[in-house]
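> Each chain, letter by letter, is given below.
Protein chains: 2
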Amino acid sequence: MELWFTEEHTDDVRFSIKVEKSLYSKQSKYQNIDVLQTKSFGRMLVLDDSIVISEKDEFIYHEMMVHVPMMVKPDIKRVLVIGGSSGGCVRELIKYDTIEQIDVVEMDEELVQVCKKYFPKIARSFKDERVKQIIGDGLKFVRKKDDVYDLILVDSTDPFGPQESFFTREFYGHCSRALTEQGIMVTQQESPFYPHTANAMHRAVRRMEELFPEVQLYQAHIPSYPAGYWLFGFASHYDNPVHNVDTRAWLSLKIKTHYYNEYIHFGSFAIPNYVMEDLENDTQSQ
Amino acid sequence: MELWFTEEHTDDVRFSIKVEKSLYSKQSKYQNIDVLQTKSFGRMLVLDDSIVISEKDEFIYHEMMVHVPMMVKPDIKRVLVIGGSSGGCVRELIKYDTIEQIDVVEMDEELVQVCKKYFPKIARSFKDERVKQIIGDGLKFVRKKDDVYDLILVDSTDPFGPQESFFTREFYGHCSRALTEQGIMVTQQESPFYPHTANAMHRAVRRMEELFPEVQLYQAHIPSYPAGYWLFGFASHYDNPVHNVDTRAWLSLKIKTHYYNEYIHFGSFAIPNYVMEDLENDTQSQ
Chain A
1 MELWFTEEHT DDVRFSIKVE KSLYSKQSKY QNIDVLQTKS FGRMLVLDDS IVISEKDEFI
61 YHEMMVHVPM MVKPDIKRVL VIGGSSGGCV RELIKYDTIE QIDVVEMDEE LVQVCKKYFP
121 KIARSFKDER VKQIIGDGLK FVRKKDDVYD LILVDSTDPF GPQESFFTRE FYGHCSRALT
181 EQGIMVTQQE SPFYPHTANA MHRAVRRMEE LFPEVQLYQA HIPSYPAGYW LFGFASHYDN
241 PVHNVDTRAW LSLKIKTHYY NEYIHFGSFA IPNYVMEDLE NDTQSQ
Chain B
1 MELWFTEEHT DDVRFSIKVE KSLYSKQSKY QNIDVLQTKS FGRMLVLDDS IVISEKDEFI
61 YHEMMVHVPM MVKPDIKRVL VIGGSSGGCV RELIKYDTIE QIDVVEMDEE LVQVCKKYFP
121 KIARSFKDER VKQIIGDGLK FVRKKDDVYD LILVDSTDPF GPQESFFTRE FYGHCSRALT
181 EQGIMVTQQE SPFYPHTANA MHRAVRRMEE LFPEVQLYQA HIPSYPAGYW LFGFASHYDN
241 PVHNVDTRAW LSLKIKTHYY NEYIHFGSFA IPNYVMEDLE NDTQSQ
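Respectively, the protein sequence lines represent chains A and B. For reference, each letter of the first sequence is one residue, going 1 to 286 in this note's numbering. For reference, each letter of the second sequence is one residue, going 1 to 286 in this note's numbering.
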């Protein structure tokens with residue numbers, strides 16, 4: 001018998017991957033958690049029927065979350081990761097000796113345990129002594145912080161599920177206050193191609209722009225995600241992520257990456273006309 | 001009843017689009033030709049079960065084929081398009097008043113007629129008086145040309161079907177000779193993510209490098225293509241496509257585009273580490 005997992009990118013578009021084995025399938029307090037073994041994408045974590053990470057291409061997402069802000073501001077010392085239960089962002093962060101503190105807040109304890117059991121190579125990054133894992137609501141956690149973090153990574157799932165609060169004006173406001181003066185917030189911002197996720201991105205960008213003077217989108221090719229095309233949001237009170245970036249300083253650190261490099265850094269901020277036009281038109285129609 | 005079209009990206013990965021109506025389905029002398037009406041991607045041309053163009057995202061592919069070389073060498077006057085039966089490349093080319101001659105060579109006459117009937121908005125570009133459509137074998141056509149074209153666009157289908165000859169050393173050699181001294185060849189080079197197409201790309205790049213001193217890959221986000229991630233090859237005896245490019249000259253032409261812009265130009269040549277490493281490793285193992 002053949003087993004196939006199918007993710008619905010829209011009502012009319014489906015992406016299917018042949019499954020060698022279902023390794024875990026359970027409803028946690030917050031969501032359906034599935035771990036699948038596949039040939040083309042290796043082991044995959046699927047939450048509420050959406051692919052969250054695959055062994056084959058998770059490095060792209062996690063490198064782009066971490067190294068883009070680290071290139072812009074190499075003196076980042078204290079980092080907060082909201083979500084990030086797999087440990088992929090942490091794995092990239094601990095490549096920097098200068099980072100002193102990494103707090104990771106995830107509300108779903110079952111998910112944390114599943115990641116540790118089924119993705120041990122990624123999750124072993126949590127053993128680094130600078131890392132503190134907190135089980136709790138990211139929104140409540142960040143609300144209590146003031147002028148603490150140099151970098152906040154919002155490594156959330158989709159804006160339509162249990163983590164919808166991580167795309168709200170309220171949440172971005174708390175993040176803004178939790179950041180140090182020159183701090184940076186990076187968010188995952190969905191695919192700009194299909195209308196329902198594009199609209200969610202437009203809303204999130206508008207909310208960030210109300211709070212941060214500097215908001216820029218950047219992109220990556222992530223084959224296991226809808227349209228293979230993913231956006232990230234860069235928000236700061238201080239730094240433009242393209243101007244005055246010291247690539248030589250970053251290169252001197254000799255950080256090993258499989259996707260990211262200094263050319264990708266600048267290229268990732270080159271957004272297609274249609275994406276920017278859709279964003280502008282949607283904003284004007286509000 | 002629901003109708004779905006499914007393209008197999010690998011033996012284990014499928015991409016499916018709901019079909020509102022099958023408008024045309026016939027085996028020509030060379031290939032299976034299907035035209036499908038869909039909601040998410042509009043009208044689609046499918047050849048031998050692979051999506052070739054969709055109304056929703058064909059502009060990305062065609063803009064990237066044409067405007068990248070035109071930015072590098074704005075004085076291009078004579079252009080040869082191999083394949084290109086839809087007219088998408090021609091539509092972009094005729095935006096330049098300075099182009100004097102556009103020869104389009106396609107071997108499948110039935111495909112040409114299907115495109116004119118079912119994609120009239122794209123195919124109307126063939127009516128421009130500078131365009132000459134030739135039904136014939138691109139390889140034989142280009143073999144007879146010497147120092148004629150400033151730009152050759154190899155707008156072919158996959159390297160596994162009837163257009164395999166457009167990925168051979170012989171063909172690239174003919175193109176090299178058919179080009180003027182400072183001429184440019186642009187090729188479609190498949191997705192670098194799945195191994196079978198990545199390997200075809202590696203072979204093609206090595207062949208081009210034997211003939212052209214300057215060979216560079218560039219990329220675009222094309223959601224209807226495998227992995228949503230497509231590569232193009234830029235080959236020239238003369239120009240590097242990133243250095244000494246005069247963006248102001250191109251901007252002064254006020255060419256209207258929906259994907260391409262001057263930032264995308266440079267960003268598209270920023271290739272991820274894993275793509276370049278796979279290419280180097282595969283070359284060393286030969």
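Mixed in with the good hints there might be a few duds.
Identical copies look the same in the list; a pair holds intra-copy or inter-copy alike.
Here are the computed lysine-lysine pairs in the DSBU-like style, where the Cα-Cα straight-line distance is at most 35 Å [unchecked claim]:
| no. | residue 1 | residue 2 |
| --- | --- | --- |
| 1 | Lys18 | Lys254 |
| 2 | Lys18 | Lys144 |
| 3 | Lys116 | Lys73 |
| 4 | Lys77 | Lys18 |
| 5 | Lys18 | Lys56 |
| 6 | Lys56 | Lys256 |
| 7 | Lys144 | Lys95 |
| 8 | Lys39 | Lys145 |
Just so you know, the hints here were simulated from the structure itself, not pulled from any lab data. These numbers come from a predicted model, not from an experiment.
> Compare the structure with the hints numbered earlier in the document and write down the numbers of the violated ones, lowest to highest.
Going through the list in order, the structure violates hints 1, 2, 4, 8 and respects the others.
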